[in-house]
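Using the hints provided, position chain B relative to the given structure of chain A.
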Amino acid sequence: MELPRDDEALSDADGALTALFHAHYTGLLRLATALHGDAAAAEDAVQDAFARLYCRWHGLRDPDKALAYLRSSVANSARSRFRRLRVARRHTPPHVPHAASAEESALLRDEHVVVVRALRSLPARQQEVLVLRYFGGMSETAIAAALGVSAGSVKKHASRGIAALGRELGAQ
Amino acid sequence: MTPEERLHAALSAMTSGTGPASDALVRVRDRAHRRRRAVRLRAAGGLVAASLLVAGGPVALRSSRGGRDLGPAAPPATPTAAPSPTPIPTPSGSPAASARPLAAAPDEFVAVTADKDLVLVSATTGRRTRTVARLDTMPAGLDLAPDGRTVYFDVFRPGVNYGDRLTPEQCPTVYSVDLATGARRTVARGYSPRLSPDGSRLAVATCPEPGVRIVGGRTYPYDRAGGSNTGSVASIAWTSDGRGIYVQHGGDDTNPMTRFDPVADRVSGGVSDSRDIVWVRTMFSYPAVPWRDGRLLDAESTSSQPGERYAVSAFRDDPGSEYGRDYEVLFRLPESSGTIDEPAITDLVVGPAGRILVQARSLYRWDGSGEPVRLGPPYALIGW
Numbered sequence: 001m002e003l004p005r006d007d008e009a010l011s012d013a014d015g016a017l018t019a020l021f022h023a024h025y026t027g028l029l030r031l032a033t034a035l036h037g038d039a040a041a042a043e044d045a046v047q048d049a050f051a052r053l054y055c056r057w058h059g060l061r062d063p064d065k066a067l068a069y070l071r072s073s074v075a076n077s078a079r080s081r082f083r084r085l086r087v088a089r090r091h092t093p094p095h096v097p098h099a100a101s102a103e104e105s106a107l108l109r110d111e112h113v114v115v116v117r118a119l120r121s122l123p124a125r126q127q128e129v130l131v132l133r134y135f136g137g138m139s140e141t142a143i144a145a146a147l148g149v150s151a152g153s154v155k156k157h158a159s160r161g162i163a164a165l166g167r168e169l170g171a172q
Numbered sequence: 001m002t003p004e005e006r007l008h009a010a011l012s013a014m015t016s017g018t019g020p021a022s023d024a025l026v027r028v029r030d031r032a033h034r035r036r037r038a039v040r041l042r043a044a045g046g047l048v049a050a051s052l053l054v055a056g057g058p059v060a061l062r063s064s065r066g067g068r069d070l071g072p073a074a075p076p077a078t079p080t081a082a083p084s085p086t087p088i089p090t091p092s093g094s095p096a097a098s099a100r101p102l103a104a105a106p107d108e109f110v111a112v113t114a115d116k117d118l119v120l121v122s123a124t125t126g127r128r129t130r131t132v133a134r135l136d137t138m139p140a141g142l143d144l145a146p147d148g149r150t151v152y153f154d155v156f157r158p159g160v161n162y163g164d165r166l167t168p169e170q171c172p173t174v175y176s177v178d179l180a181t182g183a184r185r186t187v188a189r190g191y192s193p194r195l196s197p198d199g200s201r202l203a204v205a206t207c208p209e210p211g212v213r214i215v216g217g218r219t220y221p222y223d224r225a226g227g228s229n230t231g232s233v234a235s236i237a238w239t240s241d242g243r244g245i246y247v248q249h250g251g252d253d254t255n256p257m258t259r260f261d262p263v264a265d266r267v268s269g270g271v272s273d274s275r276d277i278v279w280v281r282t283m284f285s286y287p288a289v290p291w292r293d294g295r296l297l298d299a300e301s302t303s304s305q306p307g308e309r310y311a312v313s314a315f316r317d318d319p320g321s322e323y324g325r326d327y328e329v330l331f332r333l334p335e336s337s338g339t340i341d342e343p344a345i346t347d348l349v350v351g352p353a354g355r356i357l358v359q360a361r362s363l364y365r366w367d368g369s370g371e372p373v374r375l376g377p378p379y380a381l382i383g384w
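Going line by line, the protein sequences match chains A and B.
When we follow our numbering, the leftmost residue of the first sequence carries the number 1, and every step to the right adds one.
When we follow our numbering, the leftmost residue of the second sequence carries the number 1, and every step to the right adds one.
Any given hint could be a false lead.
As the list claims (entries may be wrong) - A partial selection of chain B residues facing chain A, derived with a Cβ cut-off under 8 Å:
hint	residue
1	PRO3
2	LEU7
3	ALA10
4	THR18
5	PRO20
What the hints assert, rightly or not - No more than 20 Å apart at the CA atoms, straight line, and that leaves these computed lysine to any residue pairs for SDA-like:
hint	chain 1	residue 1	chain 2	residue 2
6	A	LYS156	B	THR2
7	A	LYS155	A	GLN127
8	A	LYS65	A	PHE21
9	B	LYS116	B	VAL132
10	A	LYS65	B	ARG309
11	A	LYS155	A	THR141
12	A	LYS155	B	THR2
13	A	LYS65	A	GLY27
14	A	LYS65	A	PRO123
15	A	LYS155	B	HIS8
16	A	LYS155	B	GLU5
17	A	LYS155	A	GLU140
18	B	LYS116	B	THR131
19	A	LYS155	B	GLU4
20	B	LYS116	B	THR2
21	A	LYS65	A	HIS24
22	A	LYS65	A	LYS155
23	B	LYS116	B	GLY159
24	A	LYS156	B	GLU4
25	B	LYS116	B	ALA24
26	A	LYS65	A	ALA151
As the list claims (entries may be wrong) - Restraint ranges, calculated between C-beta atoms of paired labels, are given here:
hint	chain 1	residue 1	chain 2	residue 2	range
27	B	ALA353	A	LYS156	26 to 36 Å
28	B	THR137	A	ARG160	36 to 46 Å
29	B	GLU4	A	GLY15	32 to 42 Å
30	B	THR181	A	LYS155	53 to 63 Å
Please keep in mind that the hints were generated in silico from the structure rather than gathered at the bench.
We put the beta carbon where it would ideally sit given N, CA and C, even for glycine.
Next comes chain A alone, as it looks inside the complex:
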């Protein structure tokens, strides 16, 4: 049986959490925003990722992998959120695609709006891979680890996704 963590471990976690927050919170928030397309959901996902890490700090074998853990949590947060409800209710709640508000749209140039809309028209997995690859700057290996899929699968989704995005943009 696992023993409860001790005060020393919790103190370590608190210090590490604060350092990670200052170093990476904004970057993770932007990544989550790009993934979710929704600022509130993104904030929720990133805070939840930090909270999860804090609670599992004592079980983290390599503290240097904390950032990878956070990225993975954020990358998986959208589907995880829906899946949590699905498991609890044993049904799949309808997925409501995010529609950018007028205010949000006004802040973006038309060109950017077109690209983001084209991105949102892709299958969820392709969206995730493209965002992590071309916005998050993550390698295929890192994306594969974060999403729990093979590197080949990442390559396939990236290839198909960028081709579909190109077609979508070309058609507009």
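Chain B in isolation, oriented as in the chain A frame:
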């Protein structure tokens, strides 16, 4: 520009104004703290069902928010003897009912297959021992009477989702099936049937107004207090002594859990403005069920990391116990979901002698120590 460059530019522009709120770190700490926070249920809550059943007439257990009805005055602090239980009607008069009853053996549990067959399964071998009935639709709740003679389950209308706020027309029906005769009968409107440990009372989730009803007895509605939950009931569980009822709410990621507790006059849970129900906004996974020795079980139903081995943990149902500190991992499943897309633990039931059945990618039995034993593929629903 290439599509890759256009994508990068667009997402950079989209997120350029994004930054942490001024209190973001405080919120992160608070959220982390809540994940670890105590399950501070008052010991007095053990008197719940007894006191609920003593007073007459429907009682609204509502939040004090807005100065609404707070229900009955607190009864004396001294323990009250449980009243005579409300008997659950059983089929009578049929020739088979007077014949030697055919009941599930203590080792058997009830399950529903993906084909909607209601079956009995050996908890020793994992093999099906008998098909009881074929159901028309997949139930969302299932329970087997302690005497092994009757199965209770609910039936939702097609297209109606478990966990939604239901209209009167959508309210499901709870049925029973007599294992001796196979006779099915209507028991109540509602869903998620749960028998008390002695099998004498049946609690169901009510609709359209969310709450809990004792069949043949009273209804205990509750408010939508507690943040973003829809007020619908996700699961019901009796306390081990049969004197209290835990309710988990749907529609919220955190599955906040309520313990009906009209005896305690102050809150020991997470939401401080409710006087007569205990809100515990912990990060419980689904489900949390009473186990033994005053402990509850918590099963991990989600994960943020692929390849995690899912744990079943026990934590004390005591004032001052702290989730994150005062829990212990009883066991971990020997398999992970493999990917984030697959469900983790989807069901957990406690059987005789505190043995536990867990459903994930496979069905497992845990006998109180050691590693869980794999029984076979999972079922759609189980009850023991």
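Proposed proximity, LYS155 (chain A) with LYS65 (chain A) (alpha carbon, max 20 Å): Violated, at roughly 23 Å.
Interface hint for ALA10 (chain B), Cβ within 8 Å of any Cβ on chain A: 4 Å, holds
Cβ separation of THR181 (chain B) and LYS155 (chain A), checked against the hinted range 53 to 63 Å: 60 Å, holds
LYS155 (chain A) paired with HIS8 (chain B) [C-alpha distance capped at 20 Å]: 18 Å, holds
20 Å Cα cutoff - pair LYS155 (chain A), THR141 (chain A): 9 Å, holds
Restraint check for LYS65 (chain A) with HIS24 (chain A), where alpha carbons must lie at most 20 Å apart: Distance of about 13 Å is within 20 Å: holds.
GLU4 (chain B) versus GLY15 (chain A) beta-carbon gap, inside 32 to 42 Å or not: This hint holds: roughly 38 Å between Cβ atoms.
Pairwise beta carbon distance, THR137 (chain B) to ARG160 (chain A), judged against the given window 36 to 46 Å: 38 Å, holds
Interface restraint verdict for LEU7 (chain B) against chain A (beta-carbon cut-off 8 Å): 5 Å, holds
Minimum beta-carbon distance criterion (8 Å), PRO3 (chain B) to chain A: This interface hint holds because 4 Å falls under the 8 Å limit.
C-beta pair ALA353 (chain B), LYS156 (chain A): status relative to the range 26 to 36 Å that was hinted: For LYS156 (chain A) against ALA353 (chain B), whose Cβ atoms are near 50 Å apart, the range 26 to 36 Å is violated.
Hint consistency between LYS156 (chain A) and GLU4 (chain B) [alpha-carbon to alpha-carbon, up to 20 Å]: 15 Å, holds
When the structure is compared with the earlier hints, violations turn up for hints 14, 20, 22, 25, 27 and for no others.
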